[in-house]
Amino acid sequence: MEHILSILIFFPLLAGILGFVVDKNSAKAYGISVAAVEFLLSLWLWASFDTTNAGMQFGEFIPLISQFGISYNVGVDGISLFIVIMSALMTLLGIILLDESKIANMKNMIVSLLFLEMTMVGVFLSLDAIIFYLFWELSLVPMLYIIGAWGGPTRVYAAVKFFLYTFAGSLVMLVGLLTIAYLYHLEAGVWTFNLLDWYQLDLSVGLQFWLFLALFAGFAIKVPMFPFHTWLPHAHGQAPTIGSVILAAVLLKMGTYGFVRFSLPLFPDASVQMIPFILTLSVIMVIYTAMVAFAQKDMKQVIAYSSVSHMGIIMIGVFAMNAEGLGGSIFLMLSHGIVSGALFMLVGVIYERTGTKIMSEFGGLASIMPVYATVFGIMLMASVGLPLTIGFVGEFLVLLGFYEVSPLGTVLAGTTIIIGSIYMLTLFKRSFFGPVTNEKNRNLKDLNARELTALLPLVAIVVWLGVYPKPVLGPIDTSVKKLLVDMEYKARTPEAKETIISLQRAKEEK
Amino acid sequence: MIGISHYLILSGILFSIGFMGVLRRKNLLMLFFATEVMLNAVNIAFAAIGNYYGDLSGQMFAFFVIAVAASEVAVGLGLLIVLYKKYGSLDLDVIATMKG
Amino acid sequence: METLVYIALFAPFVGSLFAGLFFARSPKNIIVGIVNPALIFISFLASVALAFHVAEYGEVHIKMMDWISVGNLNIPFGFLVDEVSVTMMVVVTLVSTVVHIYSNGYMDHDKSFNRFFSYLSAFVFSMMILVMSDNFAGLFIGWEGVGVCSWLLIGFWYHKKDVTPDINPAISPSYAANEAFIMNRIADLGMLVGLFLIYWNVGSLQYDVVFEKLPHLADGLLVSIAIALFIGAMGKSAQFPLHTWLTDAMEGPTPVSALIHAATMVTAGVFLVIRANPLYSLDAVAGVSYFIAALGTFVAFYAASMALVNRDLKRIIAYSTLSQLGYMFAAAGLGAYWIALFHLAAHAFFKALLFLGAGNVMHAMDDELDLFKMGGLKKVMRGTYIYMGVASLALAGIPPLAGYFSKDAIIETAFNEGTYILWFSLVFTAGLTAFYSFRQVFLTFEGEERYKKYGFHPHEMYKYVLVAMSPLAILAVVAGWFQETFHEFIIAVLPDYEMSHHTHHNAWWLGLLVLAFAVSGIVIAYKKYAQKGENAFKQDAEVENGFLYKLLMNQYYVPYFYVEFIVKPYTVISEKFWAIDKAVVDGTVDMIAKVLYRTGDKTRTMQNGNLSSYLNWMGAGALLLILAAAVSAVMG
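Chains as they are written, first to last, in our numbering: chain H, 1 to 510; chain C, 511 to 610; chain W, 611 to 1246.
One chain only, chain H, in its complex shape (with noise of 0.2 Å):
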């Protein structure tokens, strides 16, 4: 399986096509099934990875245009393994809770869920600038279709600007990677888009700080960082459950992934410098939002807000330049993505049941549905961070990161586990306790095998990643560790050499 990576991409493109001729009432099983084979494949390649190797993986590398440099090449390495698995997860387990009764044309669904899937894998293993590019532009479509087609009243505007504000931002990006690759040319005198070719590209500080801001456009507008977040409980309130647990569990870690992957190791000084600017922006977004998600009415935009405010935890642990932080951030990447994509599943379970999302219309529900009040407690408490939970041991990890950068963003940041559970068991007090107050809601059913068969995998992952990390944390380790050496090896500034803590140095010091 030299060309596993190739087919993790492609399969589920080729998959989606097959999926115009399968039978209409068999779609859902011929989703699950190529969303399972693509799961087991994704964790085939856990199994064959070599945890040792910080470097890039299973590389593959097919010239396209060799004019301009532009060539299909991936590879995988600690950081983007595990989202790639997670992609896979979420969508396999998104899948499996659709329910056929409530979605009209499932066939088109899952087709749509497979190309997105195609496109998120793509993201994360593409190496070429190029590639990166085209797959992220790409991933907004099945997106924009899956909320315009399956949404809320007022999907379509929702859609909209969902689409237009993340792709204004990539425009801007994409005049960034231009420039890095006519840099490359005036520098080396040859096209590339290769990355791991423009790693070693040296550029002046004031280059780094422009570049820099252009990859943040499209990087932060995905994320989504204050003040660029609101196409996304626009979005979340209108995309149904399926769409809301892909956006929120892999399409908005793709922006942190750029950072983690373009932004760090190519602009060392200029990401140094901007430490102040991206660690006020996040304290905002983890306060400000978390504020917001306080005062909504709306279960699922309770939700969406504590995404954004989550990002800004893991935006603050990209940027503490040491292992712990930055290793924490891709660890709390992947437990928000499950924790997230498991809450938004539990709203939807709530809204097919009752057709509302409003807080106010629920009360006592722990008396009702038992089960459900557990799981949902249960992500409750990984979503505050609670030890032993998946939650806790990235934002641990983030938090004690960037202490080293700023004590006092980090007190500020911190206070992200007093307010988050704030608004989280504010959340659940007004949902699951006290007496039943609506009587429509007296008979309404537990959770059924199909939502318990999504849902308690999530469950068994917050627990066990929680009690034992260790074998996600280590390859992301490894990964993180060499990163961290080539940032402070291209670094020029002292101060950017200063801040960025690789092993060496830490080991020089002992």
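Honestly, the hints are just simulated from the structure, not real lab data. Fair warning: there could be bad hints in the mix.
[Unchecked claim] Derived lysine-lysine pairs resembling DSS-like cross-links, with alpha carbons at most 25 Å apart:
#: 1; chain 1: H; residue 1: K445; chain 2: W; residue 2: K770
#: 2; chain 1: W; residue 1: K983; chain 2: W; residue 2: K770
#: 3; chain 1: W; residue 1: K770; chain 2: H; residue 2: K440
#: 4; chain 1: W; residue 1: K1192; chain 2: H; residue 2: K297
#: 5; chain 1: W; residue 1: K771; chain 2: H; residue 2: K445
#: 6; chain 1: W; residue 1: K1063; chain 2: W; residue 2: K988
#: 7; chain 1: H; residue 1: K470; chain 2: W; residue 2: K673
#: 8; chain 1: H; residue 1: K440; chain 2: W; residue 2: K771
This one's a predicted model, so the numbers in the text were calculated from it and none came from an experiment.
Based on these hints, arrange chains C and W on the given structure of chain H.
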């Protein structure tokens, strides 16, 4: 002595007259006349400058313009007649159908 | 030995899973009621065996596996059983065993019987992790674990509806649960900062490594670490100003109050300070330690004062817990760690007993908590009366009961350190303690039988429950007699604390003074509340409208202050932020889109189909281009 500048001034005046006609006139036929005036203004400039430099290609180009203008008028007048038959008027305000 | 450690640790966990996974949805199952207490009891036996082992051979230190390992950070699941942790283990498992058995009777009629046991055992497990862990991160696991179990258990009767509060801000169990969790989280942030500071300056979170390297750190840094960790301790141990959650936590079932909010979890903060004694006894942090002692003394008095007037059976005990935690902090802050730990253990016994007794009363009185509706219950509840009487005597510090020894030692410490203001406050508070404890006991069991007026039919608790409570009663009496044994046992790890000659010399009158305060407190309480007939206690409207009474009854208006100046503004600001988010942040984006759209819409009129106006536009454009060309030619 009549020099190049006189020719060019005349050409400029003629061109401006034609240009004003194009801008201000509402009758399609008048617009045609105005365009012809502009074309001929350019022809004068071509001929004069060609003579000034002793280069025949200016006058050649003027002939070329005359030929194009003649064929244009032939086609254009035909279209005008059809338009007039259809709308009963050549007033631009009346025949404004391609409103966006 | 390793096996014993694992048995002690995981037996409660097994119990929790057993009750939670197999019986969560079934009605009350007596198997759960037997298996869970039995498992806790096994854990207790293992802890006792470990205690003997530790006394004999010293500490047991084992590492189970790695937990988090990134960069230079390496946090294992490691367990350290030394004199301090084994004391805590024995206390925790002993009280837990009694509370588990007790819950069989107390939760008899509850439909969520099995769920209750699952939570309760999970709490014991978390508490065991907290005390047994060999590093700060492991401590934090247990720290948060007990927090979440406390959340589950306070909000156990989640189905109760919110009622508008009259005096207490708690409006329902679920509200109280959230309040407790969130307030603890505030403190946890401080604790996390402490961990970060330790990690970046020491490079490890293991106790042994940290405590070894601490003396080499800069003074300012040590002070920051000490403050940060103590903020964490303040939350768990409900020290001012993070104390309001503890009284509201009384919304939970009474066994929970006995176990979590009296005997074990709330003492975690004290445990942390004791555990970190190498830090707090450094000269550099003497200021912080003194602050801890002063704050402890203040809370001791502050909480006792609120207990004086309260009418709620459980809240009085909660205040008293708060007050006794203050005593423990006072001792720990003054450097008498072993005395603090001794008081912690003794307090766990008699306070749990007091709470369980209160539970019996509630059980008898259909969950009524108002003391003014009780009275004269001794006729029907003799056993409970004896238990609560013994516990209150111990709490008041009457010899030869446990409280006399432990509390007296703390007061003596304050004298010994020459902090006479603290000393006198503690002595005075001891008098208050005796008064409010016996006010409560007498209002409940002596005097007129006021309950008859309200139509209650009280009855004594089940026999086996009373028997199960007896270990606590016995320990409340005899625990103090083992002070010297405990002292010798514990100084293997904790710094010894000896009274000076001067103090020894004065010990007799110091003791007598405390005793005089305590006895007079009891006598006043008896005079006022235990009489019958003419002198029987009556509510006095004049007193109740007095400023002081209202101040105390409203808890110094602190909860009111929190609601008015923190909760409400937070809500308002959140709403404002949401409005801003919609109007300004999202509005800007929409405005950009609208400007583009409007521009298109307005300029559409250019496309009016009129050839003449097209030509005008064209002319204007041509002129503009010529102009641009001319300008650029001139500018050159």
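Each hint tested on the structure:
1. For the hint linking K445/H to K770/W, the alpha-carbon distance of about 22 Å falls within 25 Å, and the restraint holds.
2. Proximity of K983/W to K770/W is assessed by CA-CA distance (about 23 Å); at most 25 Å being required, the pair is judged to hold.
3. Between the alpha carbons of K770/W and K440/H the distance comes to roughly 19 Å, so the proposed pair stays at or under 25 Å and holds.
4. Only pairs whose Cα atoms come within 25 Å are accepted, and K1192/W paired with K297/H is accepted, the gap being roughly 14 Å.
5. A C-alpha spacing of about 23 Å is found between K771/W and K445/H, which places the hinted pair at or below 25 Å, so the restraint holds.
6. At most 25 Å may separate the alpha-carbon atoms for a hinted pair to count; K1063/W and K988/W meet this at roughly 17 Å.
7. Proposed proximity of K470/H and K673/W is supported: the alpha carbons are some 16 Å apart, at most 25 Å.
8. Our distance criterion of 25 Å between C-alpha atoms is met by K440/H and K771/W, whose separation comes to about 18 Å.
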